[in-house]
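Protein chains in written order, with my numbering: chain A, 4 to 343; chain B, 4 to 343; chain C, 4 to 343.
Honestly, the hints are just simulated from the structure, not real lab data.
A couple of the hints might just be wrong.
Just so you know, same-sequence chains aren't split out, so a pair can sit in one copy or run between any two.
Stated by the list, open to error - Simulated pairs of lysine-lysine, DSSO-like, Cα-Cα distance not exceeding 30 angstroms:
#1 K263 <-> K230
#2 K48 <-> K263
#3 K74 <-> K135
#4 K341 <-> K74
#5 K266 <-> K92
#6 K263 <-> K197
#7 K230 <-> K300
#8 K92 <-> K26
#9 K230 <-> K92
#10 K74 <-> K92
#11 K339 <-> K324
The chain contents come next:
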Amino acid sequence: MEYTALQIAGFINGSVEGDEQAKVNAICRIEEGRQGALSFLGNLKYEEFIYNTEASIVLVNQDFKPAAPIKSTLIRVPNAYEAFTALLKAIDNRPKRSGVEASSFVHPSVQIPENVYIGAFAYISEGVVLGKGTQIYPHCYIGDGTQIGENCTLFSGVKVYHNCQIGNSVTLHSGVVIGADGFGFSNQESGFDKVPQIGNVILEDNVEIGANTTVDRATIGSTIIRKGVKLDNLIMIGHNVEVGEHTVMAAQVGIAGSTKIGKKCMFGGQVGVAGHITVAENSIIGAQAGVNSSIRKPDGIWLGGPAMEIGGFRKSAILFKNLPQMEQRLRDLERKAKGE
Amino acid sequence: MEYTALQIAGFINGSVEGDEQAKVNAICRIEEGRQGALSFLGNLKYEEFIYNTEASIVLVNQDFKPAAPIKSTLIRVPNAYEAFTALLKAIDNRPKRSGVEASSFVHPSVQIPENVYIGAFAYISEGVVLGKGTQIYPHCYIGDGTQIGENCTLFSGVKVYHNCQIGNSVTLHSGVVIGADGFGFSNQESGFDKVPQIGNVILEDNVEIGANTTVDRATIGSTIIRKGVKLDNLIMIGHNVEVGEHTVMAAQVGIAGSTKIGKKCMFGGQVGVAGHITVAENSIIGAQAGVNSSIRKPDGIWLGGPAMEIGGFRKSAILFKNLPQMEQRLRDLERKAKGE
Amino acid sequence: MEYTALQIAGFINGSVEGDEQAKVNAICRIEEGRQGALSFLGNLKYEEFIYNTEASIVLVNQDFKPAAPIKSTLIRVPNAYEAFTALLKAIDNRPKRSGVEASSFVHPSVQIPENVYIGAFAYISEGVVLGKGTQIYPHCYIGDGTQIGENCTLFSGVKVYHNCQIGNSVTLHSGVVIGADGFGFSNQESGFDKVPQIGNVILEDNVEIGANTTVDRATIGSTIIRKGVKLDNLIMIGHNVEVGEHTVMAAQVGIAGSTKIGKKCMFGGQVGVAGHITVAENSIIGAQAGVNSSIRKPDGIWLGGPAMEIGGFRKSAILFKNLPQMEQRLRDLERKAKGE
Numbered sequence: 004m005e006y007t008a009l010q011i012a013g014f015i016n017g018s019v020e021g022d023e024q025a026k027v028n029a030i031c032r033i034e035e036g037r038q039g040a041l042s043f044l045g046n047l048k049y050e051e052f053i054y055n056t057e058a059s060i061v062l063v064n065q066d067f068k069p070a071a072p073i074k075s076t077l078i079r080v081p082n083a084y085e086a087f088t089a090l091l092k093a094i095d096n097r098p099k100r101s102g103v104e105a106s107s108f109v110h111p112s113v114q115i116p117e118n119v120y121i122g123a124f125a126y127i128s129e130g131v132v133l134g135k136g137t138q139i140y141p142h143c144y145i146g147d148g149t150q151i152g153e154n155c156t157l158f159s160g161v162k163v164y165h166n167c168q169i170g171n172s173v174t175l176h177s178g179v180v181i182g183a184d185g186f187g188f189s190n191q192e193s194g195f196d197k198v199p200q201i202g203n204v205i206l207e208d209n210v211e212i213g214a215n216t217t218v219d220r221a222t223i224g225s226t227i228i229r230k231g232v233k234l235d236n237l238i239m240i241g242h243n244v245e246v247g248e249h250t251v252m253a254a255q256v257g258i259a260g261s262t263k264i265g266k267k268c269m270f271g272g273q274v275g276v277a278g279h280i281t282v283a284e285n286s287i288i289g290a291q292a293g294v295n296s297s298i299r300k301p302d303g304i305w306l307g308g309p310a311m312e313i314g315g316f317r318k319s320a321i322l323f324k325n326l327p328q329m330e331q332r333l334r335d336l337e338r339k340a341k342g343e
Numbered sequence: 004m005e006y007t008a009l010q011i012a013g014f015i016n017g018s019v020e021g022d023e024q025a026k027v028n029a030i031c032r033i034e035e036g037r038q039g040a041l042s043f044l045g046n047l048k049y050e051e052f053i054y055n056t057e058a059s060i061v062l063v064n065q066d067f068k069p070a071a072p073i074k075s076t077l078i079r080v081p082n083a084y085e086a087f088t089a090l091l092k093a094i095d096n097r098p099k100r101s102g103v104e105a106s107s108f109v110h111p112s113v114q115i116p117e118n119v120y121i122g123a124f125a126y127i128s129e130g131v132v133l134g135k136g137t138q139i140y141p142h143c144y145i146g147d148g149t150q151i152g153e154n155c156t157l158f159s160g161v162k163v164y165h166n167c168q169i170g171n172s173v174t175l176h177s178g179v180v181i182g183a184d185g186f187g188f189s190n191q192e193s194g195f196d197k198v199p200q201i202g203n204v205i206l207e208d209n210v211e212i213g214a215n216t217t218v219d220r221a222t223i224g225s226t227i228i229r230k231g232v233k234l235d236n237l238i239m240i241g242h243n244v245e246v247g248e249h250t251v252m253a254a255q256v257g258i259a260g261s262t263k264i265g266k267k268c269m270f271g272g273q274v275g276v277a278g279h280i281t282v283a284e285n286s287i288i289g290a291q292a293g294v295n296s297s298i299r300k301p302d303g304i305w306l307g308g309p310a311m312e313i314g315g316f317r318k319s320a321i322l323f324k325n326l327p328q329m330e331q332r333l334r335d336l337e338r339k340a341k342g343e
Numbered sequence: 004m005e006y007t008a009l010q011i012a013g014f015i016n017g018s019v020e021g022d023e024q025a026k027v028n029a030i031c032r033i034e035e036g037r038q039g040a041l042s043f044l045g046n047l048k049y050e051e052f053i054y055n056t057e058a059s060i061v062l063v064n065q066d067f068k069p070a071a072p073i074k075s076t077l078i079r080v081p082n083a084y085e086a087f088t089a090l091l092k093a094i095d096n097r098p099k100r101s102g103v104e105a106s107s108f109v110h111p112s113v114q115i116p117e118n119v120y121i122g123a124f125a126y127i128s129e130g131v132v133l134g135k136g137t138q139i140y141p142h143c144y145i146g147d148g149t150q151i152g153e154n155c156t157l158f159s160g161v162k163v164y165h166n167c168q169i170g171n172s173v174t175l176h177s178g179v180v181i182g183a184d185g186f187g188f189s190n191q192e193s194g195f196d197k198v199p200q201i202g203n204v205i206l207e208d209n210v211e212i213g214a215n216t217t218v219d220r221a222t223i224g225s226t227i228i229r230k231g232v233k234l235d236n237l238i239m240i241g242h243n244v245e246v247g248e249h250t251v252m253a254a255q256v257g258i259a260g261s262t263k264i265g266k267k268c269m270f271g272g273q274v275g276v277a278g279h280i281t282v283a284e285n286s287i288i289g290a291q292a293g294v295n296s297s298i299r300k301p302d303g304i305w306l307g308g309p310a311m312e313i314g315g316f317r318k319s320a321i322l323f324k325n326l327p328q329m330e331q332r333l334r335d336l337e338r339k340a341k342g343e
């Protein structure tokens with residue numbers, strides 16, 4: 004399918020600057036611009052590319068002022084990134100699968116609502132409840148009594164243990180494990196003795212979880228991921244943790260047991276948070292930080308391990324780099340003091 | 004099922020303080036206490052909750068002295084956490100699965116002892132040996148010639164490569180990979196050349212391994228996880244590593260190749276240990292620490308990266324936080340020395 | 004099979020020192036030497052073991068000068084490690100599987116070239132292209148339209164989403180996830196809104212990827228892993244990242260979105276790299292380092308977080324350890340300055 008600049012501007016409520024009949028049939032990154040493709044300039048970090056891009060059409064912010072001539076036809080919109088996202092959605096027409104494929108295992112107790120997809124080699128245990136429109140790809144395992152809402156997508160190889168609860172419009176990527184036993188052992192003379200983990204996991208609506216991330220079941224009660232939370236790949240959420248609504252975490256974050264994370268927090272990659280503490284809402288935790296005590300003040304930015312507020316951390320980090328010079332200054336003073 | 008305080012006290016050898024006929028039919032965390040439920044107070048960090056909890060019964064330590072009146076009936080025991088664990092075990096009656104489900108693949112050379120469960124879509128290769136009472140959930144893969152002992156549980160999607168040895172009463176959670184090739188390549192002019200990994204992995208008795216953790220096979224010889232070791236989720240154990248008995252590691256720890264970890268060590272989350280070194284027994288390694296040389300002294304506590312003993316690390320970490328002040332003091336002295 | 008020292012020396016072009024008729028039928032690590040086994044001494048860190056080893060034959064470097072008598076027969080070669088690797092390859096005769104096992108799912112549109120193995124419970128979607136000699140183990144999932152080259156090995160449970168491209172001689176270990184959605188969400192009033200990820204992943208020839216590592220698909224365009232790259236276990240490669248040819252990364256590394264890593268880099272374990280930056284070729288990044296801005300100078304060695312060049316980092320790290328002493332020296336000077 005080919006579209007003109009005018010057609011696209013109409014779709015995203017933008018205004019054309021240049022050739023209204025410029026045609027595109029593809030989308031590309033601005034640094035890989037090519038004729039017949041549409042791109043966008045959101046982050047001005049990439050501005051240099053717009054002056055040489057071969058992209059036929061570029062979406063730009065309303066207030067973008069070019070510093071040099073641009074070959075491409077521009078479409079101005081209030082927010083180029085959002086307009087671009089809207090276009091991506093329009094063309095992301097991956098067909099939804101449906102139907103129950105042969106070679107799947109569905110326990111006779113399970114009802115199949117409309118528009119459900121169950122792929123070959125998926126295993127749906129006794130007493131599972133599935134909502135309509137939910138897609139279970141091949142090799143998924145759903146344990147006894149687990150409930151999954153409507154319009155969820157579980158990509159190939161997701162494992163959900165027994166008695167968990169998953170809301171509506173939840174997306175779980177391949178390799179996600181929900182509800183494995185929490186890490187609970189009591190230290191005995193003879194070795195570590197397993198503490199049964201009889202709780203479960205609750206994932207609320209609109210949660211998305213990246214590949215190979217694990218969310219452990221609670222010892223008692225529930226490990227809870229609130230609505231709208233987005234977790235990237237290879238994250239570990241320990242037992243009895245609660246992650247507040249609309250919080251996002253980048254890859255490889257680890258949250259130890261019984262910790263409570265507030266809403267609308269943002270975690271960089273590889274952050275570690277100790278167990279049995281709380282992190283206040285709207286906290287931003289920088290990549291690789293180590294949070295070992297509660298953060299009670301909301302809206303802060305925290306870096307380093309042990310985590311410090313950003314201002315202090317940056318100052319200390321610069322001085323760490325300059326420690327050899329500081330030590331030299333100290334030595335000079337000592338020499339002077341000795342009268343050398 | 005409903006039980007009275009008296010009945011429970013009898014079961015765990017405790018003494019009732021309050022209503023001997025108080026009835027419960029559920030278990031809960033003390034901060035989520037509700038009528039008809041039993042809870043416990045072990046860690047005094049949670050003491051505040053006991054004065055307001057709605058839990059009908061609370062297990063407490065023999066020597067617990069309340070600072071205020073408590074509504075709940077108390078049961079005093081020598082160790083509240085252990086008594087609680089004993090109760091959890093009594094009610095954790097998840098039925099054991101058994102039998103070989105249709106749609107599994109079991110090579111004709113494999114014998115099925117009594118009480119074994121093999122789930123649908125599990126794949127048991129040639130020459131595999133299984134012990135009685137072992138449960139292999141759906142989507143597990145067991146490679147040629149691998150031996151698995153008695154009463155093991157491999158949850159859905161565990162992968163064990165060929166020729167590995169797994170002891171008795173071993174639990175592997177979903178997504179665990181045992182025996183993938185170690186990371187061995189020799190640096191050639193033309194690029195990296197694979198070094199065949201012809202060794203295996205040995206897991207001794209009573210090992211438990213969390214979701215998505217990987218234990219690589221040895222180049223030659225064996226990667227060995229000794230008896231009673233407990234590994235949390237998303238851990239990486241490199242080739243030819245040995246982990247000593249009863250050592251526990253929290254999530255996302257990484258141990259590089261050929262390193263030997265002593266017995267009864269405790270590792271916090273996200274710890275990294277370099278290859279070809281040793282860590283002495285009873286070492287405690289704090290979360291996110293980086294151990295880049297051997298720890299030869301047993302019983303120490305190590306923090307930071309590069310790891311330092313706890314006393315020194317704590318002092319340095321506080322001074323790191325105060326570096327700006329230290330620098331200011333240095334500047335003041337310099338000014339004075341100049342006679343300003 | 005049993006071989007004499009003379010036969011082995013012939014195979015690897017070495018010269019025998021000792022009993023030419025010494026016989027071996029096994030390979031072992033030098034510290035686990037036993038009669039009838041062959042070992043090698045490459046890294047002199049292990050030299051002490053050669054004087055007591057029971058190994059019947061030991062491969063050593065041409066120029067190795069023993070400091071004490073050695074019982075074993077020696078075979079001298081230019082590079083003992085490489086000769087040993089050559090022997091490992093000769094004996095690593097794991098049989099290649101072939102044929103399409105019953106209980107696999109292969110979409111009718113898919114052609115099966117010669118010597119392909121498709122294990123039971125593997126799922127090959129519509130439009131997939133497979134090269135000859137490629138082995139797809141049980142429980143693998145290959146999404147619509149994905150192309151896989153010749154002589155690849157996908158171990159049990161690998162998941163490759165739709166429309167990805169995999170070159171020749173690529174090895175993917177169990178639990179690898181290729182092409183899951185990149186972590187792209189736009190921050191809206193109502194919560195985070197998913198940005199469709201319509202790009203793909205390209206793995207070039209001779210790439211090997213360790214267990215449970217994830218490589219996300221691009222938002223638009225491709226996430227690219229260049230030829231000869233070796234990734235260890237549990238690594239996260241974000242969307243639109245490019246990893247240059249012959250770069251190797253140890254376990255648990257994380258590379259955030261749109262970052263470009265040069266060729267022939269070496270990353271230690273647990274390294275984190277921020278998004279939208281570049282790392283120059285031949286860079287060595289030490290374990291657990293955090294790279295938060297571009298490294299433009301090639302051939303450097305970088306440690307710490309934020310990452311610093313090795314020389315500076317080492318000096319600062321030693322002074323960090325000595326901060327309490329530095330602070331004491333500062334205090335002493337302050338006392339003197341006050342005339343105490």
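Query raised in the report: Checking against the hints above, which ones are violated?
Result: 3, 4
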